[in-house]
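Put together the whole structure using the sequences plus the hints.
Chain by chain, the residues:
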Amino acid sequence: MIHYLIQDPPQDPPKWDGVPAPDIDQFGQFPKLASTFHDVDGLFYFTYAVCIFFFVLITGVLLYSVVAHRRKTWDQKPLSNVTHNTPLEVVWTLIPLVLVMIMFAWGFKGSLDMTVVPHEAHLNTYKATAKQWSWQFTYPDGTTSYDEVWVEAGKPVQFILESKDVLHAFYVPAMRVKRDVVPGRYQSAWFEPHFTKEFAEGEPREQTFHLFCAEYCGLDHSRMYAKVHVVDAETMAKTPWNLVPKPEDPIEDKIAYGKQFANAQCLSCHSTNGAPGVGPTWKGLFTKDADGNYVGRQRDVLEGGQKKTITVDDAYILESIKEPMKKLAAEFPNGGMSNFDSLKDDEARLACILAYIKSLADN
Amino acid sequence: MSHDDHHAVVVPAPGPEFVPHEVAHHFSTPVQEFQSGKLGFWLFLATEILLFGGLFAAYFYFHEVYPETFRVGGQQLDWRLGALNTSVLLLSSWTMAMGVRSAQTSQKSKTLMFLGLTVLGAAIFMVIKFFEYKAKNEHGLIVFSELFRPFIENPDGTGSLAWFQDYHGVMAGVPHGHMFFAIYLTMTAIHGLHVVIGAGLIIWIMFGTAKGRFHAGYFMPVDLVGLYWHLVDLIWIFLFPLLYLVP
Amino acid sequence: MTTNTPAVATATPETQAPRETYLNCSSGFMSWAGTLDHKRIGIMYLVGVGIAFLAGGLFALLVRLHLWEPEGLLFSNLDYNQVFTLHGAFMVFLFVIPAIPGSIGNMVLPLMVGAKDVALPRLNLLSFYLWLTGAILATLAIVLGGFDTGWTFYAPYSLYTDKAVVTIGLAVFVLGFSSIFTGLNFIVTVHKLRAPGMTWFRMPLMVWALYSTSILQVLATPVLGITVLLVAFERLYHIGIFDPRLGGDPVLFEHFFWFYSHPAVYIMVLPAFGIISELVSVHSRKPLFGYKLIAFSSLAIAIISFLVWGHHMFTSGQSTYAMFAFSFLTFFVAIPTAIKEFSWVATVWKGSVALNSPMLYALAFLIIFAIGGLTGVILGTLNVNLHLHDTYFVVAHFHYVMMGSISLAFFAGLHHWWPKMFGKMYSETLAKIACLIIFVGFNMTFIPQFIMGSRGMPRRYATYVPEFEPFHQASTIGAIILGCGVALMVFYLLQSLLSGKKAKENQWGGVTLDWHTPTPPPHLNFDHEPKVVHEVYDYSTLDYESMQRDAT
Amino acid sequence: MSDTATATDAHDAHGHGELEMGHIHVSSAAMFFKVLVALLFLTFITVAVSRFDFGSMNMLIAMAIACVKASLVIAFFMHVKWDTAINKIVFLGSFLFLALLFVFTLADLLTRRLDHEMHTIKSPVDKEWVQPKPQADGNH
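Protein chains in written order, with our numbering: chain A, 4 to 366; chain B, 20 to 266; chain C, 2 to 553; chain D, 42 to 181.
Bear in mind the hints are in silico, worked out from the structure with no lab data behind them.
Hints are not guaranteed to be accurate.
Only pairs whose alpha carbons sit at most 25 Å apart, straight line, appear in this in silico PhoX-like list of lysine-lysine [said to hold, decoys possible]:
1. A:K80 <-> A:K230
2. C:K502 <-> C:K433
3. A:K286 <-> A:K311
4. C:K351 <-> C:K425
5. C:K433 <-> A:K80
6. A:K347 <-> A:K330
7. A:K80 <-> C:K351
8. B:K129 <-> D:K75
9. C:K503 <-> A:K75
10. A:K249 <-> A:K347
11. B:K127 <-> D:K75
12. C:K505 <-> A:K80
13. A:K75 <-> C:K351
14. A:K75 <-> C:K433
15. A:K75 <-> C:K502
16. A:K286 <-> A:K230
17. A:K167 <-> A:K230
18. A:K325 <-> A:K249
19. A:K167 <-> C:K164
20. A:K347 <-> A:K361
21. A:K311 <-> A:K325
22. B:K230 <-> B:K127
23. C:K351 <-> C:K433
24. A:K158 <-> A:K35
25. C:K505 <-> A:K75
26. C:K164 <-> A:K80
Not close to chain C: a few residues of chain A, all C-beta gaps over 10 Å, as computed [said to hold, decoys possible]:
27. D256
28. K310
29. N342
30. L353
We treat Cβ as the ideally placed atom computed from N, Cα and C, and that holds for glycine.
See below:
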């Protein structure tokens with residue numbers, strides 16, 4: 004990690020930390036299928052077999068002729084001067100033609116399954132909102148989760164995909180699902196999740212899969228990652244994504260949740276160690292005085308183009324999240340922080356973020 | 020030894036006011052040279068067609084997406100000026116064709132006259148274009164002084180363009196009103212650039228004609244510039260109804 | 002065909018002045034910088050694309066080294082994004098597209114059709130200088146802050162990023178016109194400057210391939226030109242047709258971009274097919290199997306390639322109906338390509354196969370292209386593509402085609418015509434070793450990428466999930482081996498210029514017109530105007546006596 | 042070799058490098074003038090027609106007239122009528138490839154509407170997020 008000698012290392016472990024590598028199927032090529040799109044695997048291995056056959060044929064004939072008919076004396080003439088053989092040429096045109104038409108028809112059928120959303124999936128529609136460089140999921144009941152999504156095994160689910168800025172792609176390898184997320188319109192993807200393994204007695208019936216962004220979207224494209232939790236109906240009923248610490252919960256829980264949330268949503272632009280980022284650093288926003296009270300620093304901001312100095316406090320932080328363009332930090336006159344609409348009324352999560360920011364204060 | 024068997028092929032001049040033409044070393048006949056030059060130029064014109072084709076494709080695409088924008092936008096253009104410009108360009112195309120014909124028949128002064136008229140046509144076209152742009156500028160549809168200002172984005176996802184100030188004027192209520200004018204500006208500006216380049220080429224050809232380089236035995240440059248000028252006309256033939264009449 | 006056995010082929014006395022060639026007929030900087038000779042322009046292109054290739058290769062090595070660890074070894078994400086973009090842009094626009102037509106094509110096409118020069122020599126020089134301008138602009142773009150859009154410039158990211166996209170867009174525009182002018186020149190040359198007796202079906206397949214390429218260059222490149230111009234306008238004055246904030250459609254950008262860039266794949270690969278067709282015939286000393294079918298398949302590929310661009314956009318939100326149409330049409334490109342591969346193998350069959358270095362490179366091409374082409378079929382199937390699109394599987398596939406096939410064909414052609422170009426011979430032993438190293442290194446680099454890709458590793462990732470680490474490390478080791486092979490090749494080729502043996506008049510025993518002119522050719526290519534009387538690839542006309550005299 | 046071979050022969054027969062004017066068609070000035078009149082008349086027609094609203098036919102009519110005008114320019118002013126076959130193929134062929142660009146791009150746009158029914162996604166202009174309602178008469 005040579006570059007960390009000259010720059011600060013990332014602040015937290017990558018988002019995929021702790022997600023196990025997916026099981027690989029028996030041919031070693033694909034992660035084990037966790038959805039119902041069997042045609043992808045079937046057609047892939049059929050095409051693969053055809054390709055291996057032709058590769059062996061071509062390479063075999065080629066290498067045989069190279070060895071058997073190699074030039075031994077400098078003036079050796081070829082064994083044959085044949086320049087064409089119509090039956091042979093017709094055969095090697097028609098056979099590939101038939102094969103590729105089979106592949107097309109199979110691929111057509113398979114992709115029809117993937118694009119026509121079944122009615123059950125319509126009834127279980129999530130929204131996935133992509134923005135540089137994180138995912139946000141809205142459940143049918145209107146609640147949200149960030150960089151993690153829970154789906155129920157055996158129940159078809161549709162994702163309506165929306166981008167806040169540039170192109171992204173919603174890619175869950177284990178489900179064989181990929182769809183670009185195009186700004187300015189909605190796309191959709193659906194799948195029916197399944198477990199890829201048998202569970203032991205008493206083991207929680209839950210598996211986690213990768214969700215990648217597969218369309219290049221800028222700086223932290225590679226860190227635009229989310230976890231797809233496939234769980235059983237029982238766990239699903241507990242709505243695990245709603246387990247946000249409540250105001251009366253201990254501050255440690257709130258800080259821990261805030262840290263996890265910030266890591267997913269905020270820290271690709273804001274640093275916590277003073278390093279310059281896309282937005283202002285969070286380091287030193289508050290200091291802790293001798294009595295243990297948090298004291299906000301003085302900061303120059305631009306409000307409506309007017310420069311003024313304010314003291315950082317809870318209200319300022321919350322306002323910056325809800326209306327990022329209202330008071331711009333003077334060092335970042337162009338603003339550009341993306342909107343966190345879903346957070347506007349989410350007091351529980353906002354409290355956690357605030358708690359985390361305050362916990363960064365120097366003593 | 021390689022140069023020994025190479026003789027330059029020379030096309031004699033038809034009269035004392037003309038100069039003979041020496042065929043380039045790698046061609047064996049003037050016909051071969053002429054046909055090569057011409058095929059090459061036709062290929063170049065094909066690339067021009069496809070270059071403009073991209074713009075036309077964008078036009079048709081957004082005409083389909085925002086029909087209302089294009090309808091209202093098209094009404095803001097003055098079809099009289101457009102029709103006048105079309106006529107000017109058609110006339111200049113005719114003078115160009117006549118200029119080429121004069122060169123083919125070794126009529127030096129007539130060639131000069133027709134080429135000069137063509138340049139005049141180009142100039143008139145650009146002047147009319149200037150007044151059209153000026154009107155758009157005054158109405159806030161294309162504010163040229165604000166053209167290169169950044170797009171101002173509001174936090175609620177909306178935003179406004181500096182060069183398009185008619186959000187609440189004639190284009191109020193149609194989706195993305197700037198779209199028509201952006202496409203209008205881009206297409207006519209690139210076309211206008213071609214007009215200017217074409218006029219420059221014609222002036223260059225006029226110098227050659229004055230020196231007597233072009234005559235019945237060698238008129239390829241006049242012919243090729245003529246083709247270029249007709250292409251400029253050809254594109255305008257489609258631009259005129261699409262921008263001024265149809266929407 | 003006229004066989005001009007040079008009178009001075011045997012022992013030239015030391016005192017006699019060397020024969021006049023295009024290399025020594027004039028000297029001085031301006032004799033090169035202002036030359037209209039297609040051979041000198043070809044050499045200048047060769048130097049240019051060679052440097053671009055080495056630069057692009059260096060970026061590739063940096064990318065591979067960075068990916069040694071899941072969290073990245075060398076760069077921040079921003080720097081990584083710039084380096085992979087530079088790798089892509091340099092390789093595609095400055096190397097792969099102009100490499101074969103610009104250098105080898107310029108050198109041999111007029112020789113092969115028996116012309117004194119290309120039809121429009123001034124345009125040819127202009128085309129080189131446009132290439133140079135493009136290269137300078139691309140370098141300038143690095144200085145002006147680089148660009149991190151990927152070589153595809155996908156909107157809207159390319160509209161929002163604060164990097165030097167306009168400069169690189171301008172570079173691409175200029176390079177596009179360089180490519181257009183080369184293609185235009187070749188079409189005119191083939192139509193109007195063929196030697197007497199050189200009928201269409203007596204043209205070597207290299208000429209057919211370059212001709213088909215030229216059609217694509219002329220017809221497809223302008224659309225790229227207007228696309229990058231529109232991106233530049235979009236950034237400068239926000240026309241809004243690609244920008245979703247202004248009501249534009251990013252998918253329209255993809256349509257425009259791939260209207261060019263899919264045919265561009267064939268602009269890159271068809272000349273490679275041409276080289277391989279020549280080489281398997283000459284080095285097997287056997288007429289090419291299915292000559293007409295290969296010639297027509299080049300044209301068929303050229304035409305069909307305009308109908309399939311949507312297969313780059315299966316996941317991108319074009320309509321399902323368009324997806325089906327594009328997938329269906331895509332498979333029809335597979336057929337002419339398969340025909341070519343089969344025909345080459347049938348040409349080698351029962352030939353008199355010389356295992357010299359150009360042929361080794363060509364054989365490596367045949368094997369690698371088989372993999373590259375066949376994995377293309379896998380990617381053409383709709384539903385499999387939905388899983389594999391934008392993963393390392395695609396990366397590996399197109400590197401098998403672009404790096405493995407096209408670059409190897411370029412190397413093969415370079416080794417084949419090197420003695421013709423310079424009259425000097427490189428070390429055959431080192432050439433064979435380098436070929437082997439490149440072959441091994443290449444496969445070691447990209448086979449792991451196939452596996453990673455089908456397991457779900459997305460492309461353009463600066464950091465990655467740790468389970469892919471072993472594959473990335475194997476790939477990086479492969480890339481280092483590949484780099485060593487290329488370095489060795491560059492070394493012995495340059496060495497041959499300084500201290501290489503004198504090449505034979507007809508080094509490999511070719512019978513096309515390019516081997517019927519003295520080595521290296523004189524300024525006007527032929528001592529006597531060639532007149533073609535034999536069919537192409539008629540090895541019964543091979544002049545064994547003069548070859549033997551030459552050999553001693 | 043077809044075209045240049047004959048040219049070379051002709052050149053040899055005459056012994057001079059003089060351009061054979063027989064290859065070049067010089068059109069009459071009267072013809073050019075007639076074409077000009079026709080073009081101006083068609084310009085008048087297209088403007089006149091545009092004063093009436095034919096609904097979706099407006100575009101078709103205007104494009105048809107523009108195509109006729111373009112054909113006149115191409116055939117007569119640009120001499121394509123008398124040009125060699127290859128030059129005709131090159132220039133007219135470029136329109137064919139242009140058509141490919143138009144057809145596929147627009148076909149995608151137009152069939153995307155059918156798609157939206159297939160996916161039941163709301164129109165791209167409307168960015169309001171509305172949860173699809175469960176259908177009372179669901180087909181399961």
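Verification of the hints:
For a cut-off of 25 Å, the pair hint linking K80 (chain A) to K230 (chain A) is broken: about 65 Å separates their Cα positions. Annotation: proposed proximity of K502 (chain C) to K433 (chain C) holds, straight-line Cα distance about 17 Å (limit 25 Å). Taking the CA atoms of K286 (chain A) and K311 (chain A), the gap is near 21 Å; set against the 25 Å cutoff, the hint holds. The hinted pair formed by K351 (chain C) and K425 (chain C) fails the criterion: a straight-line CA distance of about 31 Å is larger than 25 Å.
A hinted pair counts as satisfied when its Cα atoms are at most 25 Å apart, and K433 (chain C) with K80 (chain A) qualifies at roughly 23 Å. Restraint check: the Cα-Cα separation between K347 (chain A) and K330 (chain A) comes to about 17 Å, which is no more than 25 Å; the hinted pair holds. Taking the CA atoms of K80 (chain A) and K351 (chain C), the gap is near 10 Å; set against the 25 Å cutoff, the hint holds. For the suggested pair K129 (chain B) and K75 (chain D), the alpha carbons sit about 20 Å apart, so the restraint of at most 25 Å is met.
Restraint check for K503 (chain C) and K75 (chain A): satisfied, since their Cα atoms lie roughly 24 Å apart, inside the 25 Å limit. This hinted pair checks out: K249 (chain A) and K347 (chain A) have alpha carbons roughly 16 Å apart, not beyond 25 Å. A hinted pair counts as satisfied when its Cα atoms are at most 25 Å apart, and K127 (chain B) with K75 (chain D) qualifies at roughly 24 Å. The hinted pair formed by K505 (chain C) and K80 (chain A) meets the criterion: a straight-line CA distance of about 20 Å does not exceed 25 Å.
For the hint pairing K75 (chain A) with K351 (chain C), the CA-to-CA distance comes to about 13 Å; that is within 25 Å, so the pair holds. As the CA atoms of K75 (chain A) and K433 (chain C) are separated by approximately 18 Å, the hinted pair is consistent with the 25 Å bound. At roughly 23 Å between alpha-carbon atoms, K75 (chain A) and K502 (chain C) fall within 25 Å of each other, so this suggested pair holds. Note on K286 (chain A) and K230 (chain A): the hinted pairing is violated, with a Cα-Cα distance of about 28 Å set against a maximum of 25 Å.
In summary, the hint linking K167 (chain A) to K230 (chain A) is supported, as the alpha carbons are separated by about 20 Å, within the 25 Å threshold. Proposed proximity of K325 (chain A) and K249 (chain A) is supported: the alpha carbons are some 20 Å apart, at most 25 Å. Straight-line distance between C-alpha atoms of K167 (chain A) and K164 (chain C) comes to about 21 Å, which keeps the hinted pair within the 25 Å bound. For the hint pairing K347 (chain A) with K361 (chain A), the CA-to-CA distance comes to about 20 Å; that is within 25 Å, so the pair holds.
In summary, the hint linking K311 (chain A) to K325 (chain A) is supported, as the alpha carbons are separated by about 20 Å, within the 25 Å threshold. A threshold of 25 Å between alpha carbons decides the hint, and for K230 (chain B) with K127 (chain B) the separation of about 9 Å falls inside it, so the pair holds. The suggested pairing of K351 (chain C) with K433 (chain C) holds, with an alpha-carbon distance near 23 Å, which does not exceed 25 Å. For the proposed pair K158 (chain A) and K35 (chain A), the alpha carbon gap of about 18 Å is at most 25 Å, so the pair holds.
For a cut-off of 25 Å, the pair hint linking K505 (chain C) to K75 (chain A) stands: about 20 Å separates their Cα positions. Between the alpha carbons of K164 (chain C) and K80 (chain A) the distance comes to roughly 60 Å, so the proposed pair goes past 25 Å and is violated. D256 (chain A), annotated as away from the interface, keeps every beta carbon of chain C farther than 10 Å; the closest lies near 29 Å. Interface exclusion of K310 (chain A) from chain C stands, the closest Cβ pair being 23 Å apart, more than 10 Å.
With a closest Cβ-Cβ approach of about 13 Å to chain C, N342 (chain A) is found to remain outside the 10 Å limit, as its non-interface label requires. Chain C leaves L353 (chain A) outside its interface by the beta-carbon criterion, the shortest separation being 28 Å against a cut-off of 10 Å.
In summary, the numbered hints that this structure violates are 1, 4, 16 and 26.
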